[in-house]
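Peer 1: Take a look at the letters that make up each chain.
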Amino acid sequence: MSNQKKSKGGIKTTTSWKNALKRDWQLYLLLIIPLALVIIFSYGAYPGLRMAFMDYKPAKGYAGSKWVGLDTFHKVFKDADFTRALRNSIVFNIADLLVGFPMPIILALILNELRFQRFKKVSQTILYLPHFLSWAIIGSVALTMFKPSSGLVNVAMMNAGLIEQGIPFLNEKWHWAITYLLIGVWQGMGWGTILYLAAITGISGELYEAAMIDGANRWQRMVHITLPGIRSTIVTLLIMNLGRVMGSNLERLTALGNTQVKEFQYQLAVYIFNKGIGNNKFSQATAVGLFQSVIGVLLVLMSDRIAKKLGEDGLL
Amino acid sequence: MANTKTINGEESFSAGGAHAVIGFKISDAIMMLVIVILCATCVLPFVHVAAKSISGNTAVMSQSVYFWPKDVTFDAFTRVFADESMTKSMFFSVWITLLFTLLGMIVCTCAAYPLSKKRLKGRPVITFLLMVPMYFSAGIIPAYILYHQLHILDTFWVLILPLIYSPYNMLIMKNFFQSTIPDSLEESAFLDGATNFQILGKIVLPLSKPILATLSLFYAVGRWNSYADNMYFTRSADLKMIQYKLYQLVASATEAQNASLADTGGVAQTTPEVLQAACIMFVTVPIIVIYPFLQKYFVQGTMIGAVKG
Chain Y
177 MSNQKKSKGG IKTTTSWKNA LKRDWQLYLL LIIPLALVII FSYGAYPGLR MAFMDYKPAK
237 GYAGSKWVGL DTFHKVFKDA DFTRALRNSI VFNIADLLVG FPMPIILALI LNELRFQRFK
297 KVSQTILYLP HFLSWAIIGS VALTMFKPSS GLVNVAMMNA GLIEQGIPFL NEKWHWAITY
357 LLIGVWQGMG WGTILYLAAI TGISGELYEA AMIDGANRWQ RMVHITLPGI RSTIVTLLIM
417 NLGRVMGSNL ERLTALGNTQ VKEFQYQLAV YIFNKGIGNN KFSQATAVGL FQSVIGVLLV
477 LMSDRIAKKL GEDGLL
Chain Z
2 MANTKTINGE ESFSAGGAHA VIGFKISDAI MMLVIVILCA TCVLPFVHVA AKSISGNTAV
62 MSQSVYFWPK DVTFDAFTRV FADESMTKSM FFSVWITLLF TLLGMIVCTC AAYPLSKKRL
122 KGRPVITFLL MVPMYFSAGI IPAYILYHQL HILDTFWVLI LPLIYSPYNM LIMKNFFQST
182 IPDSLEESAF LDGATNFQIL GKIVLPLSKP ILATLSLFYA VGRWNSYADN MYFTRSADLK
242 MIQYKLYQLV ASATEAQNAS LADTGGVAQT TPEVLQAACI MFVTVPIIVI YPFLQKYFVQ
302 GTMIGAVKG
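Chains as they are written, first to last, in the working numbering: chain Y, 177 to 492; chain Z, 2 to 310.
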């Protein structure tokens, strides 16, 4: 695992293309398959981005549709649906990051401190489970648990006399916002600990020994040894997550959403799906998709710069 | 995982940071309690759904089923299995997942093996070409139009071809080849007159079984669980994978219930809760069954993936 940093070959020799092809033609032959797939399915879709600058009509195709320059973008930015989707996407993603990011770190610290190895192993296995389930399953189980009248959580609380009426966890927008965020945290928290736990095993035992001789208690060792020990993992993961602030997950949104929470559930992925595939407004949906992709790339590049400034490896 | 083993001595000590404290303290109890509660949130919802799925209708309607079934009956499951659209979706999912995994692994190896060779001329350019799609995608609509032009829209190919090349999986495999297979092994085979294909087939792949297993599972679980492309690019009923089927079933039941709550006070329901619970279990059980096995390989793969190439 460690030789990633191997120097790029000692002596610089230049092979002519003729020799390289003669020696490695089989390797180039293998590469044709993935290259063909990428060129057809990824690069092949890039020319379609010109729809964002056209008034694209599916019946007329690219040739018959008019170029309109930036008109589509002007229209989109004035569209109330778009501003709502943009606001929801940004607010919910930032909230996701604020609530969801620290959780795996805390959990990893706790798991690391657990006494009984058996208990630790079993709980890790259980905590990883939600990561392996689809949003369709999580969404449908969440509905079973949180329905206002018959959901288990509400029924249990009503029977215990804690509440008079069912709480609309998934049926009222503010409740929904919190439930949506917490389910996201719950889904990712266990799996998120893996990289932190791996980083913790890399911390030298001598540091703990020395600290204990100096009389540091468990809490002090956690704060002064474990946390600094996983600092670079934290920074790298934080930055990677920053790069995703514009993304939105259609599966999660639709699996947990319903018409009563449209106001908050309406995010960019939903906008693109509804406008583009639902209403054939191809140009608008493409423009929004392009906007999302460009911001995404800029965020990744920016995050990478920040990471390198902080003396971390960076992502690219 | 590998590095857990190599520094095992230190690991047991650093964990010993906690062990060294004599006696079981209150802080231990609190931490265990927190973990137990969190684990409960991961297990109990599924126990509840499972209990519901094999309980009698009246017991469920009277909301007396918590974590243990009442009036045990397997009627709901009989109905799920009798519903041809459910079983067909399940088989379709299995078939798509298998084909996707097989093709995905072939494509992944075709990309990762050549790119793991430092001597390969043009390697940086090719790597760049193969990595760009990870950072910039044209988006759903251009893809939709493209698939339409390629005549794969609403066919099962649209669930396979666009996604079988995965830059992320390719990086993991490439990292593994570079770090685990010694160059000297290949060099000596090369001197003995072995071709690149022979080296790949007879030396590299047999030595890479763990990573091949891990990545196959990445592919399989990824395909099995995702259905956004199923929503975007297919319409036909016989192209619905089981996850999408479940989503639609539950979504339509919820909307119907919301509507009926408004006018009739919540008596009418399209899909009875027991049947819905049985459907959820029908979709969940396959993954739970292989989960213990999955988990181990996933952890390994994630560790290798975390080391950037």
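No lab work stands behind these hints: they were computed from the structure. Be careful, since some hints might not be right.
[As the list claims (entries may be wrong)] Computed cross-link-like contacts, BS3-like style, restricted to lysine-lysine with a CA-CA straight-line distance of at most 30 Å:
no.	chain 1	residue 1	chain 2	residue 2
1	Y	Lys349	Y	Lys438
2	Z	Lys89	Z	Lys122
3	Y	Lys254	Y	Lys236
4	Z	Lys210	Y	Lys194
5	Y	Lys485	Y	Lys254
6	Z	Lys26	Y	Lys198
7	Y	Lys251	Y	Lys438
8	Y	Lys254	Y	Lys233
9	Z	Lys119	Y	Lys198
10	Z	Lys118	Z	Lys26
11	Y	Lys194	Z	Lys203
12	Z	Lys210	Y	Lys484
13	Z	Lys89	Y	Lys484
14	Z	Lys297	Y	Lys198
15	Y	Lys485	Z	Lys210
16	Y	Lys297	Z	Lys210
17	Y	Lys254	Y	Lys349
18	Y	Lys484	Z	Lys203
19	Z	Lys210	Z	Lys71
20	Y	Lys194	Z	Lys26
21	Z	Lys119	Y	Lys297
22	Z	Lys26	Z	Lys122
23	Z	Lys26	Z	Lys175
24	Z	Lys210	Z	Lys175
25	Y	Lys194	Z	Lys71
26	Y	Lys485	Z	Lys297
27	Y	Lys297	Z	Lys297
28	Y	Lys484	Z	Lys26
29	Y	Lys194	Z	Lys122
30	Z	Lys26	Z	Lys119
31	Y	Lys296	Z	Lys71
32	Z	Lys26	Y	Lys296
33	Z	Lys89	Y	Lys198
34	Z	Lys122	Z	Lys203
35	Y	Lys296	Z	Lys203
Quick caveat: nothing in here was measured; it's all calculated off a predicted structure.
Peer 1: Hint by hint, note whether the structure agrees.
Peer 2: Here is what the structure says about each hint:
1. Taking the CA atoms of Lys349/Y and Lys438/Y, the gap is near 8 Å; set against the 30 Å cutoff, the hint holds.
2. Only pairs whose Cα atoms come within 30 Å are accepted, and Lys89/Z paired with Lys122/Z is rejected, the gap being roughly 48 Å.
3. The straight-line distance between the Cα atoms of Lys254/Y and Lys236/Y is roughly 26 Å, inside the 30 Å bound, and the hint therefore holds.
4. A hinted pair counts as satisfied when its Cα atoms are at most 30 Å apart, and Lys210/Z with Lys194/Y does not qualify at roughly 34 Å.
5. Restraint check for Lys485/Y and Lys254/Y: the C-alpha separation of about 37 Å exceeds 30 Å, so the hint is violated.
6. With a CA separation close to 69 Å, the supplied pair Lys26/Z and Lys198/Y exceeds the 30 Å bound.
7. In summary, the hint linking Lys251/Y to Lys438/Y is supported, as the alpha carbons are separated by about 22 Å, within the 30 Å threshold.
8. Straight-line distance between C-alpha atoms of Lys254/Y and Lys233/Y comes to about 21 Å, which keeps the hinted pair within the 30 Å bound.
9. A hinted pair counts as satisfied when its Cα atoms are at most 30 Å apart, and Lys119/Z with Lys198/Y qualifies at roughly 16 Å.
10. Of the supplied pair hints, the one linking Lys118/Z and Lys26/Z is violated, its CA atoms being roughly 54 Å apart against a limit of 30 Å.
11. Taking the CA atoms of Lys194/Y and Lys203/Z, the gap is about 27 Å. The hint holds against a cut of 30 Å.
12. As the CA atoms of Lys210/Z and Lys484/Y are separated by approximately 35 Å, the hinted pair breaks the 30 Å bound.
13. For a cut-off of 30 Å, the pair hint linking Lys89/Z to Lys484/Y is broken: about 51 Å separates their Cα positions.
14. Taking the CA atoms of Lys297/Z and Lys198/Y, the gap is about 42 Å. The hint is violated against a cut of 30 Å.
15. Using a Cα cut-off of 30 Å, the hinted pair Lys485/Y and Lys210/Z is violated, with the two alpha carbons roughly 39 Å apart.
16. For the suggested pair Lys297/Y and Lys210/Z, the alpha carbons sit about 25 Å apart, so the restraint of at most 30 Å is met.
17. Annotation: proposed proximity of Lys254/Y to Lys349/Y holds, straight-line Cα distance about 24 Å (limit 30 Å).
18. With a C-alpha separation of about 41 Å, the suggested pairing of Lys484/Y with Lys203/Z is violated against the 30 Å cut-off.
19. Proximity of Lys210/Z to Lys71/Z is assessed by CA-CA distance (about 47 Å); at most 30 Å being required, the pair is judged violated.
20. A threshold of 30 Å between alpha carbons decides the hint, and for Lys194/Y with Lys26/Z the separation of about 71 Å lies outside it, so the pair is violated.
21. A hinted pair counts as satisfied when its Cα atoms are at most 30 Å apart, and Lys119/Z with Lys297/Y does not qualify at roughly 39 Å.
22. In summary, the hint linking Lys26/Z to Lys122/Z is not supported, as the alpha carbons are separated by about 61 Å, beyond the 30 Å threshold.
23. As the CA atoms of Lys26/Z and Lys175/Z are separated by approximately 46 Å, the hinted pair breaks the 30 Å bound.
24. A distance of roughly 14 Å separates the Cα atoms of Lys210/Z and Lys175/Z; the hinted pair therefore holds under the 30 Å criterion.
25. At most 30 Å may separate the alpha-carbon atoms for a hinted pair to count; Lys194/Y and Lys71/Z exceed this at roughly 76 Å.
26. With a C-alpha separation of about 36 Å, the suggested pair Lys485/Y and Lys297/Z falls outside the 30 Å cut-off, and the hint is violated.
27. Note on Lys297/Y and Lys297/Z: the hinted pairing holds, with a Cα-Cα distance of about 11 Å set against a maximum of 30 Å.
28. For the hint pairing Lys484/Y with Lys26/Z, the CA-to-CA distance comes to about 42 Å; that exceeds 30 Å, so the pair is violated.
29. With a CA separation close to 10 Å, the supplied pair Lys194/Y and Lys122/Z stays within the 30 Å bound.
30. About 54 Å separates the Cα atoms of Lys26/Z and Lys119/Z, which puts this hinted pair outside 30 Å; it is violated.
31. A hinted pair counts as satisfied when its Cα atoms are at most 30 Å apart, and Lys296/Y with Lys71/Z does not qualify at roughly 33 Å.
32. Simply put, Lys26/Z and Lys296/Y have alpha-carbon atoms about 17 Å apart, close enough for the 30 Å limit, and the pair holds.
33. A distance of roughly 50 Å separates the Cα atoms of Lys89/Z and Lys198/Y; the hinted pair therefore is violated under the 30 Å criterion.
34. For the hint pairing Lys122/Z with Lys203/Z, the CA-to-CA distance comes to about 24 Å; that is within 30 Å, so the pair holds.
35. Taken as a hint, the Lys296/Y and Lys203/Z pair is broken in the structure, with Cα atoms around 40 Å apart against an allowance of 30 Å.
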